[in-house]
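One letter stands for each residue in the lines below.
Protein chains: 4
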Amino acid sequence: MDLVKDLKWKKGMDVATLVNSLGKVGFQAIHLERAKETIIKMKKDGCKIYLTFTSNMVTSGLRGFFAQLIKLGLVDVVVTTVGGIEEDIMKAHKEDFVIGDFNSNDVELYEKGVNRVGNLFIRSESYAKFEDLMKPYLKDIYSKKKRVTPSEIFNEIGLKLDDEDSILFQAAKKKVPIFCPAVTDGAFGFHLFMFQQDHSDFVVDVVKDFSNILFSTSQDEKKGLISLGGSISKHHAILACLLNGGLDYAVYMTTASSSSGSMSGASTNEAKSWGKIKDDSDAVTVIGDVSVTFPLVMVSVLEALEKENLLKE
Amino acid sequence: MDLVKDLKWKKGMDVATLVNSLGKVGFQAIHLERAKETIIKMKKDGCKIYLTFTSNMVTSGLRGFFAQLIKLGLVDVVVTTVGGIEEDIMKAHKEDFVIGDFNSNDVELYEKGVNRVGNLFIRSESYAKFEDLMKPYLKDIYSKKKRVTPSEIFNEIGLKLDDEDSILFQAAKKKVPIFCPAVTDGAFGFHLFMFQQDHSDFVVDVVKDFSNILFSTSQDEKKGLISLGGSISKHHAILACLLNGGLDYAVYMTTASSSSGSMSGASTNEAKSWGKIKDDSDAVTVIGDVSVTFPLVMVSVLEALEKENLLKE
Amino acid sequence: MDLVKDLKWKKGMDVATLVNSLGKVGFQAIHLERAKETIIKMKKDGCKIYLTFTSNMVTSGLRGFFAQLIKLGLVDVVVTTVGGIEEDIMKAHKEDFVIGDFNSNDVELYEKGVNRVGNLFIRSESYAKFEDLMKPYLKDIYSKKKRVTPSEIFNEIGLKLDDEDSILFQAAKKKVPIFCPAVTDGAFGFHLFMFQQDHSDFVVDVVKDFSNILFSTSQDEKKGLISLGGSISKHHAILACLLNGGLDYAVYMTTASSSSGSMSGASTNEAKSWGKIKDDSDAVTVIGDVSVTFPLVMVSVLEALEKENLLKE
Amino acid sequence: MDLVKDLKWKKGMDVATLVNSLGKVGFQAIHLERAKETIIKMKKDGCKIYLTFTSNMVTSGLRGFFAQLIKLGLVDVVVTTVGGIEEDIMKAHKEDFVIGDFNSNDVELYEKGVNRVGNLFIRSESYAKFEDLMKPYLKDIYSKKKRVTPSEIFNEIGLKLDDEDSILFQAAKKKVPIFCPAVTDGAFGFHLFMFQQDHSDFVVDVVKDFSNILFSTSQDEKKGLISLGGSISKHHAILACLLNGGLDYAVYMTTASSSSGSMSGASTNEAKSWGKIKDDSDAVTVIGDVSVTFPLVMVSVLEALEKENLLKE
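Chains as they are written, first to last, in the numbering used here: chain A, 1 to 313; chain B, 1 to 313; chain C, 1 to 313; chain D, 1 to 313.
Be aware that one or more of the hints could be misleading.
In this list, chains with the same sequence are indistinguishable; a pair is considered to hold if it fits within one copy or across any two.
[As the list claims (entries may be wrong)] PhoX-like mimics (lysine-lysine), calculated; alpha carbons at most 25 Å apart, straight line:
no., residue 1, residue 2
1, 112, 48
2, 8, 145
3, 11, 43
4, 41, 5
5, 307, 8
6, 41, 278
7, 135, 222
8, 278, 307
9, 43, 10
10, 145, 94
11, 173, 145
12, 174, 8
13, 94, 135
14, 94, 5
15, 307, 11
16, 5, 135
17, 146, 278
18, 160, 41
19, 139, 307
20, 144, 41
21, 48, 135
22, 307, 10
23, 312, 94
Keep in mind that the hints were calculated from the coordinates and are not lab data. Note that the structure is a prediction, hence the values are computed from the model and not measured.
Chain A extracted, bound-state conformation (with noise of 0.2 Å):
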């Protein structure tokens, strides 16, 4: 039986103390230092991990800590939405983004050719000197292959960036695949687009990449989820896991809620009745905005970690 202990603060307090003691403290506090607990336990129980995000997420700065987590060995499979991909591959290009605010006057934004999501913001001509970039890079592709599939197409251009805090490029380098189920829903897939309207033959193959992900793992390896926000990705990965038989450690970060019953707000509990989570399993589910949550329970991960010397670079 644990009981409640009161938080209190200590001079020069580091992050993994302080998330040790939220694990005392109740509600959502508890549950995210649970998350850590999990996450730690799947790293030493030798799992493949599988990390999911949304495209907002790759706005925000926790892009170059992604790409740090890659390249620490903490993820072995990444499965988001391809806005995401394309703004990482901006960001890679020296696109800067800009904090701005929620309550914006949005019609004076798109007049200043300024895109808004959340409380940042995305200059249009990002999105053209995107334009810009994916020429080459499907050109190059194509000339090697007619008929390729995403995660293919992920690895070709991370290969081609240099920037540290990449995303694409650390997957590229540790050899991880990022799959993308949705991979036309976005200005990449306006440039496959026309990209195939000269070249007919030209062929994105997203039946394979469902192979790829489903012999990602096997039903012999212990198999973990940290996912972040809801969407396909989410789902996308919880399904290549459970036609493998089911995650062994499952951590769900939201703001989602489970009262209409969306994907987004589905919980561990949920998951368990789908197989998708195996009965025994450790699962938990943090509800709050992973701008604040991930990185809490991530950093203290790491700590942990690194202290038992398990962080590879």
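Given chain A, put chains B, C and D in place with the hints provided.
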């Protein structure tokens, strides 16, 4: 200047009367009534109307309502996630879904072969039967064409169904295309993969479907969107309209909040900064579970259109 | 075993029919229909019925609906926050409230003397007039009694109002007590304070009102609760019933989620651990904005009770 | 123009460094860092600082942290709900609260005498012991004075406690008044009622406490608010400051959204329309569970103030 007006019950109150009164009540009730007005305008203004929804809504009894809306000529293009396609097909083959409970013992459910979606249950055997259905469908499609788009597949299947309450059936009958940018993200994807294992020249061309949704409208045409829930269905319809000059009318209905910068919670205001929705468009966001808000809005829309003889059948 | 049933629109659909159908649709729609059933049972079972709401609902057009429910004999005890009392009195004196916008320029509103509550506006001059009203009310009450309870004050004021749509008026007429455990938390409190400055023997006896709400029911009586929103109004009614053996029926309608352990988001399940709601009671929580959900539920309750001749007038 | 900056982990990262980085990450992380800056400014600007919280936070381990903040001179006035007072007294008498689970069997808990608050448990016997404590406290207070305010009662009890982690103890020691506008809304209210049964001249003067909170500051004094959660505690502190010319600084931390017009979800923007917060004030709303966000913010505030020697002890 509109004034708040006290709601009063009158015996035999119909839905249209209630929704009209809600427009003077306050908070989301006002938005709900505005959503009704906006959809009526969409229709009268001759818009191409996009309806998007997530798969949990097809799990629910909204499924037959979506089919009815297509039948009545209120929907020109559908965008959804693949789970919704699967469940529509299951239901068209008389698989029943069960009303359960949010607070279920999920491990017990799993042992009984019951999968939970919020407070609804889908039996595992429904998925088993689905597998038996998919094989001949895909075989038949393959016999006609080796390289197909998701929307073609759904149309082919829809033509074979015989259920007035089926989304795919009504869409096929009314030539309403159904787009699904992440066609592999579900059991459907698994069956496509199995089929491709035996037929390596079978290709699902998602890039071509991007072209199809792009050309489903044009700069010159008026465009309206009814978006239920978040996910890529919402984003994909918006994207197609953005590339055609932006939406003239938009109704978002969602439980998600905008505070975390997610697509699901992105408001119609945010969309204006992107040019996704035109500056001077009618646009409204209704916060709440669509299992409640959507029927209220659409029943009152149907009543209004029926009175003016604007429903086809 | 109940099955999900597809919703279908039929011309001239009334609210009762729609709500019945929602009971087979899924997610919160099911809870909404159960809320209706639970309230009908409360009434038929001869419960003492507690209705609680927060002041923003009185800002909205639900105010006249609450008054109507009291008039129709559906409410035996009201618990609310003092802002609701103030606004009911303002409205009874013909102060109009305005429909505004969530995204207003709040600094500009301030300069114009307009106060925002979500998307509703209250003019500062309404508060000024309220001040003029309160003085004679308090003077008159004081002339009869120096030590009064909040519920006595509201009853005295209610007797002086002349507005069918007023909560205080109908409550006074029907001898329905109104409890407000934080009577000083608003402009009302300020005027009580001003009055006490000049009449130091004037005392508002909140402890006596605790006794009044406690003896508003008993162990032997059946008890039902309809709680809208959170706050102390919810808690206070529950507490009074707990001390009388717990509730036999409970309907909570709220936007708050249970994830942070707040009272506003506390579910009917949690209440059972306290004995606030009896083990075997009918209890249901409906998540959503009550400006939408409450009218839907109650209109269908009224239709059902009217058919069985269970409404008094 | 501030740019989004990629978050990077560095070994041994302390909380202050993490929170600084979060200010460039996006979404609520930005608001969290601004909350820190705003509170630092409040303190440096010599504000009277109001801290408000709800009782569930006292159930949690934030209770000792609140006590510590009072001890360190960071809080001048406390406003809370009475449940928090009760639990602080229980804990000061060594009653332990237990870490449980959101998904408990609540009927079983009830049978075991365990009351649930989210994922925390309070034993019924803690309430029984509380009853034994209250009698002598009230007797003693009554022997000195027949007409007392809630804040006097809490101060008298605080002087008798002997627990460094107690809010009432530290508040009494530091002469920080604790206001509770709904003093009867809990077990505390029941014991006041029992006492009044035997001592009919015992009166709790809430109107006098309104005067006390009103004169706790003035037009001339700078005023800052840290409001955790919603409820009347939030509203009451705002009201007292509004009547003194409005707040110069305000930090709202809550899980509630503004979409239903509730007080709990009301933003700092809305407050400006009322003059509750001055036009040009520093004001920030952080959405998220305060069990996570508040420790993060305040630990980094404490680190910053400690460096500049601005903490008393």
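- Item | Intra- versus inter-subunit Cα pairing at 25 Å for residue 48 with residue 135 | This pair counts as neither: shortest intra-copy Cα distance 34 Å, inter-copy 32 Å.
- Task: Can you give me the call for residue 8 and residue 145, within, between, both or neither, at a CA distance of at most 25 Å?
- Result: neither (60 Å within a copy, 36 Å between copies)
- How would you label the pair residue 174, residue 8 (within, between, both, or neither) given a Cα cut-off of 25 Å? between (41 Å within a copy, 18 Å between copies)
- Is it within a copy, between copies, both, or neither that the alpha carbon of residue 112 lies no farther than 25 Å from that of residue 48? Neither: 45 Å inside a chain and 29 Å across chains, both beyond 25 Å.
- Using 25 Å as the alpha-carbon threshold, which applies to residue 307 and residue 8: within, between, both, or neither? both (24 Å within a copy, 18 Å between copies)
- Task: Can you give me the call for residue 5 and residue 135, within, between, both or neither, at a CA distance of at most 25 Å?
- Result: Close neither inside one copy (58 Å) nor across copies (28 Å); limit 25 Å.
- Same-copy or cross-copy closeness of residue 43 to residue 10 [CA-CA at most 25 Å]: Cα proximity of residue 43 and residue 10: across copies only (19 Å, versus 30 Å in one copy).
- Alpha-carbon proximity context of residue 160 and residue 41, limit 25 Å: Intra 34 Å, inter 46 Å, cutoff 25 Å: neither.
- Which holds for residue 41 with residue 5 at a C-alpha limit of 25 Å: within a copy, between copies, both or neither? within (24 Å within a copy, 30 Å between copies)
- Quick one: residue 307 to residue 11, C-alpha cut-off 25 Å, is that within a copy, between copies, both, or neither? both (22 Å within a copy, 10 Å between copies)
- Item | Copy assignment of residue 41 with residue 278, given that the CA separation must stay at most 25 Å | within (15 Å within a copy, 41 Å between copies)
- Are the CA atoms of residue 146 and residue 278 at most 25 Å apart within a copy, between copies, both, or neither? neither (40 Å within a copy, 38 Å between copies)
When each numbered hint is compared with the structure, violations occur for hints 1, 2, 7, 8, 10, 16, 17, 18, 19, 20, 21, 23.
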